[in-house]
Structure formats: structure tokens, C-alpha cells
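I would like the entire structure built from these sequences, with the hints used as guidance.
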Amino acid sequence: EAGVAQSPRYKIIEKRQSVAFWCNPISGHATLYWYQQILGQGPKLLIQFQNNGVVDDSQLPKDRFSAERLKGVDSTLKIQPAKLEDSAVYLCASSPSGSSYNEQFFGPGTRLTVL
Amino acid sequence: EDQVTQSPEALRLQEGESSSLNCSYTVSGLRGLFWYRQDPGKGPEFLFTLYSAGEEKEKERLKATLTKKESFLHITAPKPEDSATYLCAVPIYNQGGKLIFGQGTELSVKP
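Residue numbers (our numbering), protein chains in the order written: chain W, 1 to 115; chain A, 1 to 111.
One side of the interface only, derived from the structure: several residues of chain A facing chain W at Cβ under 10 Å:
1. Q38
2. Y51
3. L99
4. G104
Hint data in this document are derived by calculation from the structure and do not stem from the laboratory. Computed from a predicted structure; not experimentally measured. Note that the Cβ used here is the ideal one computed from N, Cα and C, for glycine as well.
Below is the structure:
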């Protein structure tokens, strides 16, 4: 079974530039999550989708971050404009449903460096 | 406030030297606790789910236990390949699978 795919793996940009990340979840998984992991910290949830609807985006900085999940499959996360503090690894995860009992499967992440 | 705290932040062991990692949590309505392993440059990899106090699960040299306030990940006779960051996470009650993660314990096992 193919895992969660993410691209690009690495991205370096200047502050105030824009960047987009892509995620393809495990086939059939209804729930998709985007996390931000700053060096030395655990992942922090940014946004959760159930199919193509947003379940939770309470910790998404909406003035600069946006995300969409078209057709309930792939998802993109965008940052515009980027700030220095956005330097982090952005992880995508998926699970069969939004149940608290389901484990989440993570992709390899995209490491973003903002200069 | 829902919170998950892991200790120690870093742990260095000699090969074969057993030890334990701690995960303390403060959440309302515990719905389970997850342990993940994260290797450098990779995403977290699922290890265990524990659902109720008193439950234990094992996988190779790892054993996870759960009480009402904390969980332990016991590592017996570790090998260098067990070196990684170990994360615990707790789902927030009634929020559709949203997880709060601890900051992780970075384990290094030297031969």
C-alpha cells in the first residue's frame, strides 16, 4: 500500500515570497491533516479536512496560510507571504476517518527554510 | 488546558542499557494515547495506541504502558537502530481526531 506522498521535499525562499506544498493521502482515507513541526518541537495541527470540507482550522494563520482539498483527495497548503518564523517542516497525514481512535499516517514532510 | 509533556528531552544510552521515556498528559475525556517514532528527515511512524489505564502493548524491544495521568515507553536492551525521536500524542475530546503532541524525546543509543 502506497503511503502519504508530499512534494517538494525541500524548499528555500526569501521572506515575503509565496510557496505551496502538495499532499496525496493514502487511497481511501477520508481525513487529511496538515501539521507544522518546528525544530525540537512536536507537530502542531494547522488544518484538518474530512473529505473536501474543513473540520478544524483554528490554528491556521489565515492572514497568510490557505489550504484546499479538491475532490476530497489531494491537498495543497499555501503560504503567502512567508515570514522567517514559518521555517519548519510541514507534515501531511491521513487517516481512514476523523475518529479519535484511528492512527494517522504521515508523509515524509516538506522542509521549508525562509531567509 | 489540554497539554502533553514528555521527559526527558534527550536520552543517551549504551547498547543494552534499558530505560524508560515518560509522557504526561492533561486532557479532558481521554480517548487514547498514541506513540510515534520519528527518524531524522522523515515523518512520524505509528508505534502503538493505548486506550485505557492499565493497558500495555509490546513491539520488539519496546513496551508501552498507560496510567490515568501518564504513559511510559520502556526500551529493553536497546540497539543503535532504536535511535530516533519518540513522540506521544493524545486526541482532543470531541474534536474529530485532532491530536496534541508532546515535544518528543530524542533517544541516542551508542554501540
